[in-house]
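J.: Each chain, letter by letter, is given below.
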Amino acid sequence: MFNTRSMSKLLVVASKDQLDGIVRELYRHHVFHIEDFVETEEEGYEGVKIGMPLPQASAVSTELLRIRAIVSAFGVARSDVVPERKESVSALSARIDAELPQIEAEVSDLVDRRNHLESAIRECETKIAELEPFVPVQVDLSLLRGYEQFSVLAGHIPAKVELPVPAEMYFSGDVSGNLLIAIVPNERLNEAEQFLFEAGFQSMPVPGEEGLAKDRIAWYTQEISRLRAEMEEVDEQVNARKEKHQTFLVACDELLTAEAERAEAPLRFATTDTTFVAEGWVPSENVEALTAALRSVTNGTAYIAEQDFDPVNDNVPIEFDNPDFSKPTEMLMDVYSRPQYTELDPTLLIAIVFPIFFGFILGDVGYGLVLLAMSLGLRRIITGGAGEKLLKVLRNASVSSIIFGVLYSEFLGFALPWEPIGINRHLNIGAEAHGHGPDIVLMLVVSAWAGILHITLGRLIHMRNARRMYKPGKHRNKVVFGQAGWILVMWGILFALWSMFELPLMPSFTGLSPIVAGMNIVTLLGAVMLIVGIVAIGQENSLELLELPTVMSHTLSYARLAAVGISSVAIAMVVNYIAIGMMIEPAMQDLSLMGVIFIIAGIIVFLLGHTLNTALGLLGGGLHSIRLHYVEFFTKFYLGRGKKYDPFGMIRKFTED
Amino acid sequence: MAVETMSVEVAEASARGLVAIGAGLAVGMAGLATAIAQYGIGTAAVGATAENKDIFGLVLVLTVIPETIVIFGLVVALLLLF
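Top to bottom, those sequences are chains A and B.
Residue 371 in this note's numbering sits at position 371 of the first sequence, with consecutive numbering throughout.
Residue 1008 in this note's numbering sits at position 8 of the second sequence, with consecutive numbering throughout.
Calculated from the structure, these hints are not laboratory results.
A virtual CB, placed ideally from N, CA and C, is assigned to each residue, including glycine.
Take the hints with a grain of salt, since some may be wrong.
Straight line, CA to CA, 25 angstroms or less: simulated DSS-like cross-link-like pairs of lysine-lysine [claimed, not checked]:
1) Lys1053(B) - Lys389(A)
2) Lys643(A) - Lys1053(B)
3) Lys478(A) - Lys636(A)
4) Lys244(A) - Lys653(A)
5) Lys1053(B) - Lys327(A)
6) Lys643(A) - Lys327(A)
7) Lys644(A) - Lys327(A)
8) Lys392(A) - Lys1053(B)
9) Lys643(A) - Lys9(A)
10) Lys644(A) - Lys1053(B)
11) Lys242(A) - Lys653(A)
One-sided and incomplete, this derived list gives chain A residues near chain B with beta-carbon spacing under 8 angstroms [unchecked claim]:
12) Val335
13) Gly437
14) Pro438
15) Ser557
16) Val631
Kindly generate the complete structure, drawing on both the sequences and the hints.
T.: Laid out in structure tokens, this is it:
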């Protein structure tokens, strides 16, 4: 529950001719996290090298490339395909040999046709672009080329000019950039070109077309639409083929990916001339089954042994081991980083505390229901992976939001028919405001309590981790006393405060009679705790003393629980006041055309405002709650940087042995 | 020069107004400070995440650290107002 799954280190040594069988078995069981072998020059490792891929590797990779090319040509996504039944590997292999060449030919034919059509369309579009400037010219385009004695200059020019050479000129300002066509005798061409260049002339080729530019454009446009229609036909054929073959293709992909991964596994093993060594991690509960399977597949000729390991310094892969309730929260842990093998896995704590913080911030029955509906509805669309886990976390959070909403008596910023239980967050907004306003101080004190307890818990976990991770001795004692010091400082300050001020929801010792210099016994106790605490922190690391102000700032940081929540209530109430109090209600009293418009506008304001506030509430409630965990809670104890457990093999959806 | 006098009600009203202005300044300026701090960290964080996705959690933590400033502002404002 608070520990990650217990792991064992397994060593498998066998002769090379057993390699294929053992790799197959390891792959099938999907529990062996391979520890990659790294070649070293160290003594004892002479002649030990990284293994070579199995002989079929290159053939399988080639096949896989072919399949992936088809898959990407069809645009098939593995996650979109719903497996109807699992196909047996042998039947599938036979089908690959029989059917794949034909599918490949079909695909390449369709892809070729599509590419061909695409380039034809592009060509037509280029032609149209070339023709467009010549639209104003009411002359057959073939008359603009093919002269022996004359040259035709055509192009854009900023303004109309008169050529200093005898020339036939045409100018139009109707196209963007203007059009100038000049027909000049060949012997004066250089002179004309020089002049035009200085006038900012940009030459264009005369299109090699017959007839008027306008007519040619019309013809090409028609051609494009014909080609587009043809392309749609090809796309339909592609889709039809995709529908027909996609299950087969993803199954092939799965089969060959598995083959390729198996064939390349020896690259991660250590080998000598005749033997190989596979080292890896297996969840302790799976060791027996895997060992037995490996023994049976090798007829007992493989050497399989569990090895001792150092749980702290060996980089043990981490697999969470949580009850169903806190499984989705693992996703929030993965965003930060997995715990180390020996440290406490705080997933369950987050699974409990995160929804409480979220509900405390966004305590509103209305928003809670919206988010609950959203999290349940989106589960049909987002399945599997981190997305699904996130939705489950959101579901828990929104349930908590509804519960807090009932306590706060809030529904989209309106009051429910009962008085708030415990804490009142209703602000005095609008003309009918009544009541004493929100219990800000009460909320701040509750938040401070949340911070005090949360941080103390974090420090206690650090002490527990230190006892687990360090050998008994000076270092461990220093760490434990250091953490105790932090707790003493925080509670010492609290005792001192309690003896001087009366605070709601906190014990008060102001009534006790002073003993020395106006300080009563609790003040003195607080002062002693503070000093002892500072000494304890200092003996661990004197630089840590610089961090002392965080005792205050981290605790006060929990005030966001109250503050963000209140701002969300304020937005909701303001939206209600604008929409109903200022727009709908006055319009209802005197119904006219203008009134109806106001009512509609009011409804729009209401919907928009609450949509925005739901989004803000989700962001505010979610991010601030998780931030309190990541920044204020985790920095007290959490090391993280655990390596993810990634067993060799895959979860097969489409194939079976 | 005439000495301006104000009635008790006016004085109370203007005191409430000053409290509101103070609260606004507390939130607004703390918010600006947070924004300035997050601007630098956020830019670097996005760049770093683009290089290496694994450090997203860490840079998220670094980015939200200055948020505490505006929360302090908000707390001061709420205490002023209520």
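J.: Does each hint hold? Answer for all of them.
T.: Going down the list of hints, with the structure as the test:
For the proposed pair Lys1053(B) and Lys389(A), the alpha carbon gap of about 20 angstroms is at most 25 angstroms, so the pair holds. A threshold of 25 angstroms between alpha carbons decides the hint, and for Lys643(A) with Lys1053(B) the separation of about 15 angstroms falls inside it, so the pair holds. Proposed proximity of Lys478(A) and Lys636(A) is supported: the alpha carbons are some 16 angstroms apart, at most 25 angstroms. Simply put, Lys244(A) and Lys653(A) have alpha-carbon atoms about 18 angstroms apart, close enough for the 25 angstroms limit, and the pair holds.
Pair hint Lys1053(B) plus Lys327(A) holds up; C-alpha atoms about 23 angstroms apart against a cutoff of 25 angstroms. Between Lys643(A) and Lys327(A) the CA atoms are separated by roughly 18 angstroms; this keeps the pair inside 25 angstroms, and the hint holds. Restraint check for Lys644(A) and Lys327(A): the C-alpha separation of about 15 angstroms stays at or below 25 angstroms, so the hint holds. Restraint check for Lys392(A) and Lys1053(B): satisfied, since their Cα atoms lie roughly 24 angstroms apart, inside the 25 angstroms limit.
Between Lys643(A) and Lys9(A), the direct Cα distance comes to roughly 15 angstroms. Compliance with the 25 angstroms bound is thereby established for this hinted pair. Annotation: proposed proximity of Lys644(A) to Lys1053(B) holds, straight-line Cα distance about 15 angstroms (limit 25 angstroms). For a cut-off of 25 angstroms, the pair hint linking Lys242(A) to Lys653(A) stands: about 19 angstroms separates their Cα positions. Interface hint at Val335(A): satisfied, since its Cβ lies 5 angstroms from the closest Cβ of chain B, which is below the 8 angstroms cut-off.
Contact between Gly437(A) and chain B, as hinted, is supported at the beta carbon level, the nearest pair being about 6 angstroms apart and thus within 8 angstroms. The closest approach between the C-beta of Pro438(A) and any C-beta of chain B is roughly 6 angstroms, which is under the 8 angstroms cut-off, so the hint is satisfied. With a least beta-carbon distance of about 5 angstroms to chain B, the hint placing Ser557(A) at the interface is held under the 8 angstroms criterion. The criterion of a C-beta within 8 angstroms of any C-beta in chain B is met by Val631(A), whose closest approach is roughly 5 angstroms, and the hint holds.
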